[in-house]
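In the order they appear, the protein sequences are chains A and B. The opening residue of the first sequence carries number 2 in the working numbering; numbering runs sequentially from there. The opening residue of the second sequence carries number 27 in the working numbering; numbering runs sequentially from there.
Calculated directly from the structure, the hints in this document are not laboratory data. We put the beta carbon where it would ideally sit given N, CA and C, even for glycine. Treat each hint with caution, since some may be false.
Quick partial rundown of chain B residues pointing at chain A, CB under 10 Å, derived from the structure [what the hints assert, rightly or not]:
{"id": "1", "residue": "E30"}
{"id": "2", "residue": "W42"}
{"id": "3", "residue": "G53"}
{"id": "4", "residue": "H56"}
{"id": "5", "residue": "A73"}
{"id": "6", "residue": "K76"}
{"id": "7", "residue": "I84"}
{"id": "8", "residue": "A85"}
{"id": "9", "residue": "E89"}
{"id": "10", "residue": "L90"}
{"id": "11", "residue": "R93"}
{"id": "12", "residue": "R96"}
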Amino acid sequence: MAQYAHPEMLVTTAWVAEHGKDPNVCVVEVDVDTKAYDEGHVPGALGWAWNTQLCDTTVRDILQKTQYEKLMRDSGITKDTTVVIYGDSNNWFAAWALWQMKVYGHKDVRLMDGGRKKWIAEGRDMETTANKATPAAQPYEASAPDLSLRAFLPQVQEAMKAGNTVMIDVRSPQEFTGEILAPPGLPETCQRGGHIPGAHSVPWGKACNDDGTFKSVEELKALYGPEGADGSRPLIAYCRIGERSSHTWFVLKYLLGYGNVKNYDGSWTEWGNLVGAPVERGAAQKAQA
Amino acid sequence: MKPEDYSERDVDIDGWPVHLITYRLDGKYHTKADNVSPGANLARIVADTKQEAEDKAIARARELLGRTRRNAV
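Throw the hints in and build the complete structure from the sequences for me.
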């Protein structure tokens, strides 16, 4: 079986059980369900809330550089810390956190393969005490944002017109076709349903095994390759607000090792609310030969 | 403490597939219901018994899923 392009980006639950409290390791839980942490987490893990701590709560944006630097310092994280992130829903928002840390240049940040689900299924130790880090002694100085990892609306519009970029819509098939406007059970947050013209549908969860771990290289190539995502062309992943697509971005960037992969975090809540934006409805397109 | 009595199963609620994960932690049963794909959380319930936790999670999921509109495409 082929190895992931960057196997160092993943750790196992067993590794975390053994090394999670090492001096230079910081384990952080980031969940879709922000209260899950309080009901039990990996011993010693910090908890970050995606909706208050991992975004700018005034402007719709990821953390500003200074906000990010404060979060890192307050979490006791230095530029040399090995940060291991995990969460519920197969590391969905954990990948969102990792993506932001890569945007700001953190060298050693990894996902715990299988996330919270696998840890619990294996019956590993948990604690309910909310951990509070001792802030780092020195300020954390982030790199300038690496915008090669992030797509903004004008780039996506240009990519759609030029047709030289493969856009992967990672939402559910029903969201892709326009049958529903948001994941079942969640509030509708866009005015129109459908997808960006030319996008290919590869729901994010297909990259995972039943136990929450990532599928093998061979399986991932078989999943994305037929949709044109084989590394030969630039890739943009999007979903509804950019978190599910962070998961796919992680797979394409680090597990398959494709060089030019961007996460469009504006995603469908931006595109589907734009006046005059072209929208395609109905079934998925097949990749161009 | 360690989670015990872990189980997973899929149920159909008014035509929507829903995934239930239940386990016991510190004497209480925890049930999480999500909508399978894309996996958004629908309900998280803590109760004294597995039956009670899952029944309440399903009821909450049904309430939320009942608000989802299907459009013709």
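Violations among the numbered hints: 3, 5, 6, 7, 8
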